[in-house]
Amino acid sequence: MLAAGLNPHLAGFNHAPALVEHQVIRWLAELMDFPAGASGLFVTGGSMANVLGVAVARHAALHGIGYDIRQHGFQPRSGLAKPPVLVCYGSSETHGWARKAVELLGLGNRALRQIPVGADYRMDLEQLAQAVAEDRSAGALPCCVIGTAGTVNTGATDDLDALADFCRSERIWFHVDGAFGALLKLSENLRTIVRGLERADSVAFDLHKWGYLPFECACILVRDAELHRAAFATSASYLAETARGVIAGGLPFADRGIDLTRGFKALKVWLSFQAHGIDAYSTLIEQNVAQARYLTELVEGHPDMELVAPTALNIVCFRYAPPDLAKSDLNRVNEEILLRLQEGGIAVPSATTLAGRFALRCANVNHRSRRADFETLVEAVGRIGREVTGRLQHDTHALEESVDHVENQARHR
Numbered sequence: 001m002l003a004a005g006l007n008p009h010l011a012g013f014n015h016a017p018a019l020v021e022h023q024v025i026r027w028l029a030e031l032m033d034f035p036a037g038a039s040g041l042f043v044t045g046g047s048m049a050n051v052l053g054v055a056v057a058r059h060a061a062l063h064g065i066g067y068d069i070r071q072h073g074f075q076p077r078s079g080l081a082k083p084p085v086l087v088c089y090g091s092s093e094t095h096g097w098a099r100k101a102v103e104l105l106g107l108g109n110r111a112l113r114q115i116p117v118g119a120d121y122r123m124d125l126e127q128l129a130q131a132v133a134e135d136r137s138a139g140a141l142p143c144c145v146i147g148t149a150g151t152v153n154t155g156a157t158d159d160l161d162a163l164a165d166f167c168r169s170e171r172i173w174f175h176v177d178g179a180f181g182a183l184l185k186l187s188e189n190l191r192t193i194v195r196g197l198e199r200a201d202s203v204a205f206d207l208h209k210w211g212y213l214p215f216e217c218a219c220i221l222v223r224d225a226e227l228h229r230a231a232f233a234t235s236a237s238y239l240a241e242t243a244r245g246v247i248a249g250g251l252p253f254a255d256r257g258i259d260l261t262r263g264f265k266a267l268k269v270w271l272s273f274q275a276h277g278i279d280a281y282s283t284l285i286e287q288n289v290a291q292a293r294y295l296t297e298l299v300e301g302h303p304d305m306e307l308v309a310p311t312a313l314n315i316v317c318f319r320y321a322p323p324d325l326a327k328s329d330l331n332r333v334n335e336e337i338l339l340r341l342q343e344g345g346i347a348v349p350s351a352t353t354l355a356g357r358f359a360l361r362c363a364n365v366n367h368r369s370r371r372a373d374f375e376t377l378v379e380a381v382g383r384i385g386r387e388v389t390g391r392l393q394h395d396t397h398a399l400e401e402s403v404d405h406v407e408n409q410a411r412h413r
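Heads up: the sequence shown runs through residues 1 to 413, numbered per the numbering used here.
Treat the hints as calculated values from the structure; they're not laboratory data. Quick caveat, the model's predicted, so the values are computed rather than measured. Incorrect hints may have been included.
Estimated spans, in silico, between C-beta atoms of each pair [to be verified]:
1. G66 to E134: 34 to 40 Å
2. E216 to A275: 30 to 36 Å
3. R99 to A16: 38 to 44 Å
4. A243 to L6: 40 to 46 Å
5. E103 to A138: 31 to 37 Å
6. G37 to E103: 30 to 36 Å
7. E335 to P76: 47 to 53 Å
8. E286 to A129: 51 to 57 Å
9. L213 to G37: 22 to 28 Å
10. G390 to F215: 38 to 44 Å
11. P303 to E170: 25 to 31 Å
12. A230 to A129: 50 to 56 Å
13. E226 to D124: 51 to 57 Å
Just so it is clear, CB atoms sit at the ideal spot from N, CA and C, and this is done for glycine as well.
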């Protein structure tokens, strides 16, 4: 209500709320172990934050070879050599925003190299190195490597420290999609999972995920403030800075992204940090992860269920899979279980498919969730699973009897 009532513009320091955003960005940079001079911006969500990070990476890669992408684009005038083909690298588990980013930024979706993952759903570093070497040999210019802190499918986190080492040795921009996983930095007990994130050139994360705040609230941090500004800054007479008055101090936020007008997203972060403190976030994040591990134990201890992927953080992918159910029926049975869970108001897990296996996906980011909720979920999956398979077996038996009847009639004609 306060943010809506103030209704500030947020492009620059001509409104006091901009100073709040500036302070909150300083706090977040410190929490992520970024340098004090890092630049940042609040945006709508993780997708936009990530797109901005790759936009800075594109600018940096081409600036490094003396090409001004902002002036010439990818269709320079005659007489000016075209820039090399840019390539971005992410794992096969990288979120779908990455494809949108390379398309929007003019690279084309063929510029996104999806590196295979291992059994732990983390990027295969050897295959990354091979892909980069192949692209360099073909004359392409590596633009950025996208590491993920908490993949959307399974919650897996790439080896960010190793990726940082690789990017430094190869002189490639290192971007981290930390939509929810980056906030593990707030937990003293879990932050080692994202070790190396602090070495990234840019990192994107959502405060409306593990910040437990309402939509919309995401942030992009960029280590090199000058490169961040160079990728977006523009000039116009109506935006001219003055030495005095309400526009004194310039429009720094307008020079860090696409939007000129933005809402007061930083206020809810400021208020929440002031009211609860970082320790409260640490407790809740650790609680979510512990509850996911508890759900994992319940699944592993159930004779008719199995995990579909390792539980890395707060996401559990599992399915109903009794030993007497044909493998060919597993996907459709679990699809029906999911729908009945949702339609019955029992629980609202989402779904994903991993290696051809349909999975019930439980992503726990609720500060109110309790162990009993997961016990209820497992009990319901088992009960609904028995109902669905019982009906399936009945229908299959009826079909077999019908086929036998038709065949018998045919033989006696």
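Query raised in the report: Hint numbers the structure violates, sorted upward?
Result: Checked against the structure, the hints that fail are numbers 1, 2, 4, 5, 8, 11, 12 and 13, while the rest are satisfied.
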